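K.L.:
Residue numbers (this note's numbering): 1 to 81.
It is worth saying that the hints were derived from the structure and are not from the lab.
Treat the hints with caution; some may be incorrect.
[Stated by the list, open to error] Pairwise CB distance ranges, derived in the manner of DEER restraints: (1) I74 x V38: 11 to 21 angstroms; (2) G15 x G59: 32 to 42 angstroms; (3) S13 x D55: 28 to 38 angstroms; (4) T58 x K34: 15 to 25 angstroms; (5) N66 x E12: 19 to 29 angstroms; (6) P57 x S13: 30 to 40 angstroms; (7) G77 x E30: 29 to 39 angstroms; (8) D55 x G77: 32 to 42 angstroms; (9) T58 x G15: 31 to 41 angstroms; (10) T48 x G77: 26 to 36 angstroms; (11) S70 x N44: 26 to 36 angstroms; (12) G15 x I74: 17 to 27 angstroms; (13) P57 x D17: 34 to 44 angstroms; (14) D17 x G59: 13 to 23 angstroms.
[To be verified] Listed below are the simulated DSS-like cross-link pairs for lysine-lysine, each with C-alpha atoms no more than 30 angstroms apart in a straight line: (15) K34 x K67; (16) K62 x K34; (17) K19 x K32; (18) K19 x K34.
Values in this document were obtained by computation on a predicted structure and should not be read as measured data.
Every residue gets a Cβ at the ideal spot worked out from N, C-alpha and C, and that includes glycine.
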Amino acid sequence: MDNLSDTSSYYESCGIDEKLDILSSIEKLEHKQKNVIVLKYFQNLTITEISEVLDCPTGTVKTHLNKALSRLRISMGKESI
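Working from the sequences, and respecting the hints, build out all of it.
P.N.:
Written out as structure tokens, the structure reads:
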């Protein structure tokens, strides 16, 4: 899942145990990756807005987001996230 609506829909469809697993996995991310995930998927900010909040280039935000999503997929054992 690459866009916000797909990822948000996935999270919304999860049961409480799976949501807790997701949140636990997010907590284990590196600080910058965790910030990007929270801003993107829980605060619904765009890449540009995240870039402004974190005062870093949009390319850096995209890199942190991609690495975070990869780590979440691995830690949760799912390729569909």
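K.L.:
If I claimed the Cβ atoms of P57 and S13 lie 30 to 40 angstroms apart, would that claim hold in this structure?
P.N.:
holds, 33 angstroms
K.L.:
Below or equal to 30 angstroms on CA atoms is what counts here, so check K19 against K32.
P.N.:
holds, 21 angstroms
K.L.:
Is the distance from the Cβ of S13 to the Cβ of D55 consistent with 28 to 38 angstroms?
P.N.:
34 angstroms Cβ-Cβ, so the 28 to 38 angstroms window holds.
K.L.:
19 to 29 angstroms was suggested as the range; check whether the CB atoms of N66 and E12 agree with it.
P.N.:
Given about 22 angstroms between the Cβ atoms, the range holds.
K.L.:
Range first: 34 to 44 angstroms. Now tell me if the beta carbons of P57 and D17 are that far apart.
P.N.:
Holds: the Cβ-Cβ distance is about 37 angstroms, inside 34 to 44 angstroms.
K.L.:
Does the beta carbon distance between T58 and G15 stay inside 31 to 41 angstroms, or does it fall outside?
P.N.:
At 34 angstroms between Cβs, range holds.
K.L.:
For the pair supplied as a hint, K62 and K34, is the alpha-carbon distance within the 30 angstroms limit?
P.N.:
holds, 13 angstroms
K.L.:
Is 26 to 36 angstroms a correct range for the gap between the Cβ atoms of T48 and G77?
P.N.:
holds, 32 angstroms
K.L.:
Between D55 and G77, does the C-beta distance stay in 32 to 42 angstroms?
P.N.:
Check passed, 34 angstroms falls within 32 to 42 angstroms.
K.L.:
Tell me if the beta carbons of I74 and V38 are separated by a distance inside 11 to 21 angstroms.
P.N.:
At 19 angstroms between Cβs, range holds.
K.L.:
Do the beta carbons of G15 and I74 sit within 17 to 27 angstroms of each other?
P.N.:
Taking Cβ atoms as reference, G15 and I74 lie about 21 angstroms apart, which means the hint holds.
K.L.:
Could you tell me whether the CB distance from G15 to G59 stays inside 32 to 42 angstroms?
P.N.:
holds, 36 angstroms
Hint compliance for this structure: hints 7, 11 and 14 are broken, all remaining hints hold.
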